[in-house]
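Using the sequences plus the hints, can you model the full thing?
Single-letter residue listing:
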Amino acid sequence: MSRFYSSSVGRKVFMALSGFFLLFFLLQHFLINFLSVFNKQAFNDASDFMGTNPFVQYALQPVLFFGIIYHLIMGMYLDAKNKGARSVKYAKNNAAANASWMSRNMIITGVMILLFICLHMVDFFFPTIKAHYITHEHLDSYEMVVAKFANPVYVLIYVVAFVFLALHLLHGFQSAFQSVGFNNRKYTPAIKKLGNIYAIAVPVGYMFIAVFHYINSL
Amino acid sequence: MNLTLKIWRQKNSQAEGQMVEYKVTDISEHMSFLEMMDVLNEQLVNKGEEPVAFDHDCREGICGMCSMFINGEAHGPDRGVTTCQLHMRMFNDGDTIYIEPFRAKAFPVIKDLVVDRTAFERIQQAGGYISVNTSGNTQDANATLISKEDADLSMDAATCIGCGACVATCKNASAMLFVGAKVSQYALLPQGQIEASERVQNMVKQMDEEGFGNCTNTGACEVECPKGISLENIARMNRELIKASV
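Those protein sequence lines, which keep their order, are chains A and B. At the far end of the first sequence sits residue 218, using the numbering used here, and the numbering has no gaps. At the far end of the second sequence sits residue 464, using the numbering used here, and the numbering has no gaps.
Wrong hints could be hidden among the right ones.
[To be verified] Across the chosen pairs, the derived CB separations fall in these ranges: (1) A/Phe24 x B/Thr336: 41 to 47 Å; (2) A/Val63 x B/Ser349: 40 to 46 Å; (3) A/Phe24 x B/Gln232: 28 to 34 Å; (4) B/Glu239 x A/Phe124: 45 to 51 Å; (5) B/His248 x A/Ile69: 54 to 60 Å; (6) B/His248 x A/Ser87: 55 to 61 Å; (7) A/Asn184 x B/Thr356: 31 to 37 Å; (8) B/Asp334 x A/Phe55: 55 to 61 Å; (9) A/Asn94 x B/Val263: 53 to 59 Å; (10) B/Glu413 x A/Ser2: 17 to 23 Å; (11) A/Phe212 x B/Asp311: 27 to 33 Å; (12) A/Ser2 x B/Asn351: 35 to 41 Å.
Just so you know, these hints were derived from the structure itself, not from any lab. Computed from a predicted model, the values in this text were never measured in an experiment. Built from N, CA and C at the ideal position, the CB exists for glycine as well.
Here's what the structure looks like:
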């Protein structure tokens, strides 16, 4: 197993597995956030549940952090290793002739997503952790969201970040299936279509939440 | 047609190389790219200059020797062809054409456009074989039944000529399309099952040791492969390695 893990194929498989977990996380995070558009109480209840439930806090949350950090570090490590596999660059390289921009620039879109995650943690995650575990005060998640998105600069940053997320997912979704060896003539076209739908719908949904609260605040 | 060529010139594997500009005139659009290179070399020899070194052998798209990264693409702008099958009609009069060797740390330049692709041979030696009876009890090849679908997929994988276009075009200089094809051609057949587990593990290990990059599924290799080897072969290799490792 250690031989598998240290092989190029093994690392790809684990990148894909962490990617699958992050895809699942993105969807559930979106569904909870989307509640804020319809129902303040439902959103607050769901946020409180996620913030206080021991299974979520002590089992899922550590796995999530591990998944993000693993995906990030392994992504950067593999990118550095891949760059080293061609020491002399081509004088002329028509890369767009045979591969999409998204597939060639996963490291750029990935780093932009990382910067966004850092900002997002400062905005929402750390205040929530502080309220739950340090000051022990009740936090109104809905009011926190509304206050943040009243600022148009914030909304713009979030919208741009989700464009990068969409670009990352347009390649990442179907790529993860290929990496774990799932590629066949019957299902792969459907997986690619589903990946495109997911990669557009989920980030656009997140953008909608930010824009909705901004318009609501006017 | 008259063309300007910018060609990578490098005396030997140790020397520093550089792009050098040449002019060629009266090139017929019916010539193959290698014939155009022959015209250039004849011109250089007549002038007493060193001709451009490039690999070639069969000149009919089978041997996989002719490499060349032409105008930013392995084997040039046409699809499903090697450089010897690339016609000059793909270019226009007055064009400037960049001609470079296949670039990868695992494919060091020997001279000009010639690269050392023996890394592929070492990968093949690590597992690209099967066990057969040879000492007087050879079996009829048709005694083992194989489904048409598997036979076709195996044959498709076996059409890989090991030219290295997949490595040259991959942004990560990954050899996974080549190794995927070589693993698949045996993995799909009953005769390949005896060494299946060791084969994929040893070939992937050798591939990693040679210094090829990691596949990021851009699909560029599949587009540039002169034999149309599919990404399905990489997925099959991944499945084979997972199966062999758990």
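Verification of the supplied hints:
1. A/Phe24 x B/Thr336: 41 to 47 Å: 45 Å, holds
2. A/Val63 x B/Ser349: 40 to 46 Å: 44 Å, holds
3. A/Phe24 x B/Gln232: 28 to 34 Å: The hint (28 to 34 Å, Cβ to Cβ) is violated, given that phenylalanine 24 of chain A and glutamine 232 of chain B are roughly 52 Å apart.
4. B/Glu239 x A/Phe124: 45 to 51 Å: 58 Å, violated
5. B/His248 x A/Ile69: 54 to 60 Å: 59 Å, holds
6. B/His248 x A/Ser87: 55 to 61 Å: The hint (55 to 61 Å, Cβ to Cβ) is violated, given that histidine 248 of chain B and serine 87 of chain A are roughly 38 Å apart.
7. A/Asn184 x B/Thr356: 31 to 37 Å: 35 Å, holds
8. B/Asp334 x A/Phe55: 55 to 61 Å: For aspartate 334 of chain B and phenylalanine 55 of chain A the Cβ distance comes to about 56 Å; the hint holds.
9. A/Asn94 x B/Val263: 53 to 59 Å: With Cβ atoms ~31 Å apart, the hint is violated.
10. B/Glu413 x A/Ser2: 17 to 23 Å: 22 Å, holds
11. A/Phe212 x B/Asp311: 27 to 33 Å: This hint is violated: roughly 58 Å between Cβ atoms.
12. A/Ser2 x B/Asn351: 35 to 41 Å: Between serine 2 of chain A and asparagine 351 of chain B, where Cβ atoms are some 36 Å apart, the hint holds.
In terms of the numbered hints stated before, the structure departs from hints 3, 4, 6, 9 and 11, listed from lowest to highest.
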